[in-house]
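Chemist: Residue strings, one per chain:
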Amino acid sequence: MDDRHDADCGCEEYNELSRRQFLATATAGASAAFFPAWLPKVVMAKSYASTRDIIVSVFMRGGADGLSLCVPFADASYYTSRSTIAIPRPDASAATRGVNLDGFFMFPQAMAGGTVAGTGGLMPAFQASDLLVVHATGQLNNSRSHFDAQRYMEVGKPVDPALVTGWLGRHLASIPPLKPDAPLRALGVASGLQKTLVGGPKTLPIADPTNYTVGGSATTQAARLAFMQTDYTPAEEPLHSAALDATNTVALLKTVNFTGYKPANNVVYPTSSFGRALRSVAVLIKGDVGIEAAQVDIGGWDTHSAQDPIGGSMFRTMQDFSNSLAAFYADVIATGFSVTLVAVSEFGRNVRENGSQGTDHGRGTVMFAMGKGIAGGRVIMKNWPGLAREQLDSGQDLKVTVDYRDILAEIVQRRLGNPNLNFVFPSWTPTVLGVTR
Amino acid sequence: MRTSGLTTPERSAASDASAETERPSRRSFVFFGALAATAFLPNQARAQSRPRQRRPAEPVPEPEFATQPQNESVAAFAEWESTIGRLVRRATYGATVAEVAKANQLGFQGYVNYQLNHTRIDDSAVEAVVAQRWPLLSQPSDTLFSADAGQVRSQLQEAMIYRAAFSQRQLYHRMVEFWNDHFNQDIDKVGYLLVADHRDVIRKNALGKFPDLLKASAHSASMMLYLDQTASRNTAPNQNYAREIMELHTLGVDGGYTQQDVAELSRVLTGWTVQGRGVFAFNPAIHDWGAKTVLGVTIPAGSPSLGAAGINEGEQMLNLLANHPSTARFISTKLLAWLLGPNPTETQISAIASVYKATGGDIKAMVRAILNDAWLTASPMKLKRPFHFLVSSLRSTQPTIATMSTFNGQLNNLGQSLFAWDTPDGYPDKIEYWAGNIVPRWNYASVVSSLNSTTTAVVDTTPYRAGSPDAAIDLIDQNFFGGEMPLVTRNGLLAYIKGGTFNDARVRETIGLAISANAFQWY
Numbered sequence: 001m002d003d004r005h006d007a008d009c010g011c012e013e014y015n016e017l018s019r020r021q022f023l024a025t026a027t028a029g030a031s032a033a034f035f036p037a038w039l040p041k042v043v044m045a046k047s048y049a050s051t052r053d054i055i056v057s058v059f060m061r062g063g064a065d066g067l068s069l070c071v072p073f074a075d076a077s078y079y080t081s082r083s084t085i086a087i088p089r090p091d092a093s094a095a096t097r098g099v100n101l102d103g104f105f106m107f108p109q110a111m112a113g114g115t116v117a118g119t120g121g122l123m124p125a126f127q128a129s130d131l132l133v134v135h136a137t138g139q140l141n142n143s144r145s146h147f148d149a150q151r152y153m154e155v156g157k158p159v160d161p162a163l164v165t166g167w168l169g170r171h172l173a174s175i176p177p178l179k180p181d182a183p184l185r186a187l188g189v190a191s192g193l194q195k196t197l198v199g200g201p202k203t204l205p206i207a208d209p210t211n212y213t214v215g216g217s218a219t220t221q222a223a224r225l226a227f228m229q230t231d232y233t234p235a236e237e238p239l240h241s242a243a244l245d246a247t248n249t250v251a252l253l254k255t256v257n258f259t260g261y262k263p264a265n266n267v268v269y270p271t272s273s274f275g276r277a278l279r280s281v282a283v284l285i286k287g288d289v290g291i292e293a294a295q296v297d298i299g300g301w302d303t304h305s306a307q308d309p310i311g312g313s314m315f316r317t318m319q320d321f322s323n324s325l326a327a328f329y330a331d332v333i334a335t336g337f338s339v340t341l342v343a344v345s346e347f348g349r350n351v352r353e354n355g356s357q358g359t360d361h362g363r364g365t366v367m368f369a370m371g372k373g374i375a376g377g378r379v380i381m382k383n384w385p386g387l388a389r390e391q392l393d394s395g396q397d398l399k400v401t402v403d404y405r406d407i408l409a410e411i412v413q414r415r416l417g418n419p420n421l422n423f424v425f426p427s428w429t430p431t432v433l434g435v436t437r
Numbered sequence: 001m002r003t004s005g006l007t008t009p010e011r012s013a014a015s016d017a018s019a020e021t022e023r024p025s026r027r028s029f030v031f032f033g034a035l036a037a038t039a040f041l042p043n044q045a046r047a048q049s050r051p052r053q054r055r056p057a058e059p060v061p062e063p064e065f066a067t068q069p070q071n072e073s074v075a076a077f078a079e080w081e082s083t084i085g086r087l088v089r090r091a092t093y094g095a096t097v098a099e100v101a102k103a104n105q106l107g108f109q110g111y112v113n114y115q116l117n118h119t120r121i122d123d124s125a126v127e128a129v130v131a132q133r134w135p136l137l138s139q140p141s142d143t144l145f146s147a148d149a150g151q152v153r154s155q156l157q158e159a160m161i162y163r164a165a166f167s168q169r170q171l172y173h174r175m176v177e178f179w180n181d182h183f184n185q186d187i188d189k190v191g192y193l194l195v196a197d198h199r200d201v202i203r204k205n206a207l208g209k210f211p212d213l214l215k216a217s218a219h220s221a222s223m224m225l226y227l228d229q230t231a232s233r234n235t236a237p238n239q240n241y242a243r244e245i246m247e248l249h250t251l252g253v254d255g256g257y258t259q260q261d262v263a264e265l266s267r268v269l270t271g272w273t274v275q276g277r278g279v280f281a282f283n284p285a286i287h288d289w290g291a292k293t294v295l296g297v298t299i300p301a302g303s304p305s306l307g308a309a310g311i312n313e314g315e316q317m318l319n320l321l322a323n324h325p326s327t328a329r330f331i332s333t334k335l336l337a338w339l340l341g342p343n344p345t346e347t348q349i350s351a352i353a354s355v356y357k358a359t360g361g362d363i364k365a366m367v368r369a370i371l372n373d374a375w376l377t378a379s380p381m382k383l384k385r386p387f388h389f390l391v392s393s394l395r396s397t398q399p400t401i402a403t404m405s406t407f408n409g410q411l412n413n414l415g416q417s418l419f420a421w422d423t424p425d426g427y428p429d430k431i432e433y434w435a436g437n438i439v440p441r442w443n444y445a446s447v448v449s450s451l452n453s454t455t456t457a458v459v460d461t462t463p464y465r466a467g468s469p470d471a472a473i474d475l476i477d478q479n480f481f482g483g484e485m486p487l488v489t490r491n492g493l494l495a496y497i498k499g500g501t502f503n504d505a506r507v508r509e510t511i512g513l514a515i516s517a518n519a520f521q522w523y
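For the protein sequence lines, the chains are A and B, in the order given. For the record, in the first sequence the residue sitting at position 262 is 262 according to the numbering used here, with numbers rising by one throughout. For the record, in the second sequence the residue sitting at position 269 is 269 according to the numbering used here, with numbers rising by one throughout.
So that you can see chain B by itself, here it is in the shape it has in the complex (with noise of 0.2 Å):
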């Protein structure tokens, strides 16, 4: 722990070099020189001047008459050989050499089992961090009601890049970013309510049983507001909850489903409500007793007298949508998405949908089925998100954090403010909706870079400077890539750190060119 209120708990050991250090062998880049001669060559021949690795298994279509840009699947880099780097780099936010030793000393399976143990990995120190600057996020919704709602905001926002940077339960918290997409909600809408909603529904359950993670959300008043169950009412069904229940939290859109079950299941849910300061509730007074049929399962009429018994309709309605065999897909796809690249196999699909219905929506065992060599070694590179680009960076460069604000800005200013996706979709995961906000991610990496306040953060370029020009490049190596960095960023870091006196200014500028680096967009 450093000293000034806001620390990094863990610094990587910078001198503590892994075995992952080959150097690349198999790769040689075409240089064109610059950029502009590359341009004028028609795609297909640009691509095939670069070696395609460890393509997905299925074939690729032929560029000529391909029906959608060749931007779904992406080739790793040559120098990504090493099965661990490969499995730190999805399990994680940013392979530093502390975090690709320590899987190399437990083993590709031993590492996944120590990720997904998340529970016995020991966090207190971050958590202490977040106890104590972000108190807001453990109080209950009737105490935060009356809390300052930028406060609430910021407070959620910040804890989680900080939580997802330094919290040894890496794995964990991809996932937490994961369903937080899936469950999205707008903090405009919900206000305080979404704090509850993000401790108590998605961080508890987000290596939990997908059922209890579902039926969790579907008890959150935060969930009854955004999606307007609260507006629902016997005479007057709202139908966006029940719709997006179905199209984006269980069946997926195409899983089955039509316009009289999304108006049926809303007259099922008439009555999940929010009274109070944030209590789900179920009003009886409400809810349609009449009889409804939602994917051909039919509730017969009740009664008023039956009271709050007519939860019961919308919890088998819930049991029914978390068993339905759509949902098995719809899930396993997304995760397959989320871990592994935007395209997976019919195989891969059904393979995980199985483990699904064996294991009662278990998402850790989905998770273990997922990460195996095999399906990483063909899977393509991703883009970074900016949430993950931003956090990645704050795992490379260890700063001294004095206050998060400045980072949560940047993070806005990249295009991924946190809860502030207003469509309950969440934000994508594609590489043509990300792609063109590069200049941005170069902004972040020069201000991220320059961090040199006590009052807001430092990065200590100390390291860095203690060799030679060289020496500071094999660091940027171990600490931004693995050990794995692509030659041609390092033949340009080298060229720029050389270009010009080695003092703090130039290191800091060569830092801030190596996230602006095409290799550290990817994983």
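Okay, chain A solo, but in the shape it has when bound (with noise of 0.2 Å):
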């Protein structure tokens, strides 16, 4: 463990804890009894709750391709590697021409607003300053299955099968709640917890927030919930702890006024659901209950055939990415609140398409990081590694020049306050490229 101070972190004070004080004192009024057995000595910061960003994480499930999300039109590889599916640049006449960002990069239409205008989507907040996008980025590890990619990138430690949490379990787990009696600290929109969040104390996986309590007659609910908490007190881990933070959620979101919801700005979620789940989210930040992190997912980034990102299936998956984003930007971030947004992918696919209109597997590709504390408005990566046949990883890929989490360690240590780094992301030593302000 690094107990070192790191004086970028702009937090004045740490004590160092040891576990057993770590305990005693940042969760006690809370729960998590069962998650810290594993936590090693950590860095609290005493006195600077209130500055942290809360996190929204989004994760792009089955391989984006960032060359259709952030297209470089510069690079005349792009045209010659994808026959029937490439965008035309910003200066085509063509009515699908894609939107410059930098003069090398554009966003696909979908990603703009859906129309030639490209003054919809998430050009707001690139145009803001607010959005970053990162390039030629993602894994060190090579592993093209998705459930190895997906199940690294989550852990944020590559091929070590005996850690399950999540890094932004640990980031939950090594940090004082922002509220401290706050009943959840973080929720992930599904069924089953996301490998994001594994380990995270007071932390559930909530398929649909706005309807979240038990059924059943009113006037008995009280004695059959105190039923439930004597029959779950000698309940094993996991379940005990996801039967006491169950009832004491089920109150909380009781007091949260879902429908009701009027978002900032005259927003319109889509209805989606992503959308939905972002708007939930938005909420739930807005109410002030204690949340810190969510962890949202979007999936149809498989687009293995038939990807057609100007008009047809990657096209709708891209715009109810960007729009959905946007409202949450107009909503929640545009408004001040201390948000941060990043989202990932566990692989890029190849720069060449297939026999089939789409794209297989491959290597890099985007990601993406909003807020007022991001260093936005920019495409960034570690040089162009270049689209030429010569050029690509294996022959095949667009090259990982970035690691992700470098991008996520430096927005865990200075956009959430967390100087753990050595804990939230084992085995890596991160270099910051300044993409917070």
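None of these hints come from the bench; they were simulated from the model. Glycine included, each C-beta is placed from N, C-alpha and C at the ideal position.
Derived coverage of chain B by chain A (criterion: at least 3 residues anywhere in the stretch with Cβ under 8 Å from a Cβ of chain A; other residues may be distant):
hint, region
1, 414 to 424
2, 446 to 459
3, 498 to 510
Residues from chain A shown here face chain B by an in silico Cβ test under 8 Å; the list is partial:
hint, residue
4, Phe147
5, Leu193
6, Pro205
7, Phe227
8, Gly355
9, Gly358
Reconstruct the complex from the two isolated chains, following the hints.
Modeler: Structural data, given as structure tokens:
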């Protein structure tokens, strides 16, 4: 464990606590008895809880094609590699042309409002310098298996079968709660807890936060919940903590008005499951109930065939992604809430399209970071590796030039105020790239 | 058989109490009064307050220095003492009193053999209901082509729930669920083709030989479409199926293949595709006839003049995969995890892999070897996944069912809508994935125990109200816990049922609490 101060953190005072002290102080009055058994010594900051960002972590499941999400139109090999699925340059006359970002990269229209005007979608956040695109990024582990690649990315350390906790779960475990008495610190909008959050104290999967309750007669509900409390008292972990957190969270979410929620700026969230999930997260953030992390997933990126980023399958997926993020930006981030959103995918896709107008599993892709504390309005990478055949990983894929943990680690330290990077990302020494302000 | 359209073919004889009714004596729970009180204690202290019995044979690492949460090995309830109870819980979707009585009558090995000789168990009552209620499932693909997609989906889902709950072939259906995940497909992608796959691949071979199952799957139109084999051709091979057949279906991700093997196998499999309405076909016109090497085995260059014989390259590779030692280990490890618990020992894996090799991948032989008293005794409890949880509640409540759509919708709420997991790895069987999803279970318990509508389903509370409240709890013990209800649950249910007027509503709520209880989540 690295117990040193990090001057870059901007935090004033730290206490070094043993695990025992941590349990006694940080989680006293809270719960989470189950999880911290493996928690090593961590550095705890005393006085910056109120300045931390809330984090919304998005996983684009299936291996998102970074070359369609943020297109390097100035690399001629993009067009020679993709005879049927390339998006026309911003200076083309085609009505399907992309939207110029910096003279080298462009958004497809699907990411910029869906029309040739290119003023919607993620463009407002990008132009306000609140949206950062990291390109030629991903993980150094070269698995092309969805399941391995997702697992390692979510765990935050490649090829360690013994590590089952996720990076965000470990972040939560190594920092005191934003609100000491919050019954729910983090949620995964899913039926089962995503690996990213595993290990987080007071962290639950909630598929639909707008309807999280125990049914039946209202008059007997308290007595029935009391039965549950006693019955689950001797329950083995992790069911014990889950039952405790669940009963407390049912009570908490009863106090939140989801149906009457009016987003700021007359924002309308997409009615897709991703859009609804971000809307629910927005309600919880604005409700100030103590949520400090949310994991939200969006699928549909495994585009082996009929990818069509111009008007078909991937167009719709990108539009859902960008419009949902845009709504969240206008509703929450632009209105001043301290929130950082990150979006990652397990890998990108082959540079050359296959015989079915799709792309197979590749390597480098893009990730996104959005927030007032993000130095955005840019597409960054460590030197564009190029798309010519001889420039590719294994002769077929965009190289990974930035390990995704470099981006996440800087956000964890500077936006989430957690100096325990060796614990959140074990065996990784991050390079600070200046993605935060 | 009951009257209203769809019925449960067998109701457990509630009065037919078996011998398995001994009260707990060895274990005294430590009560903390309120859950919150325990929450402040570190994990280790809480763990020490509970007796640990029937731990796995291997030492469990000290929590203090463990590298992962201590949630992989969960000791069984002290009340779960009987050998037969352990067997029935693992081999079925719920130890009802009737099932436990049957097992006691047959004896341990007799019951294992009874369940494994599944074709000798008369299932005609259940199959008659399935045929009448879900007629699409027996149709060929070219008929299903024009069937309503929503009907196809719901018929597949509802029949799988119904069969699992009410078929006497319980172990067989546990294995159907296992293989359904092993060869998982998403109906959103494959549609009506999945009917034939589930019927002619999974259900047909669930207790057969693994190589037959593998080959049937590889000749399934549905699988070809699901893993993009239909999009693969000599000029541009698609690697999706070639990868997953090695990673997920046979060798396992650590089974010793490389990306080069994936690429080469994808070339071997070019031409394996679908023609017409759901007919598997080999199309020599799009086959790559060049030489390939997969897992060190070289296939010499062929010639288009070989035509249909080009399929033999792929058949040779299927045999290679089916006979590969990594496949024997991978399948054995997964079967052990399914039937016993998440961390099988090296001894267990080697033993079952040997059975695989000796029997040519005979699934019955492997299951028979796994279900022995010593291993069952040493295995930790497993958390029921939502499907298992819902099905076991149907076995315990034995509702008269007019429509299964209620239960199908509930399973969706619980997070395990059937045939709807979109990635080919199938629904996880991990405690840490499902444990947090407890509130939907409590909700479901409330819904199912309240069912009293002849147009949906009726749970009859009459037997529970025939005697005293104490007798009602005894009956719950029999029907829901096979006579081994933990003491803490018994005390809680007794307190609840006596906490109000002893009427239909109170009994239903008490049944709902039994389904909500900690002990009902495990098997």
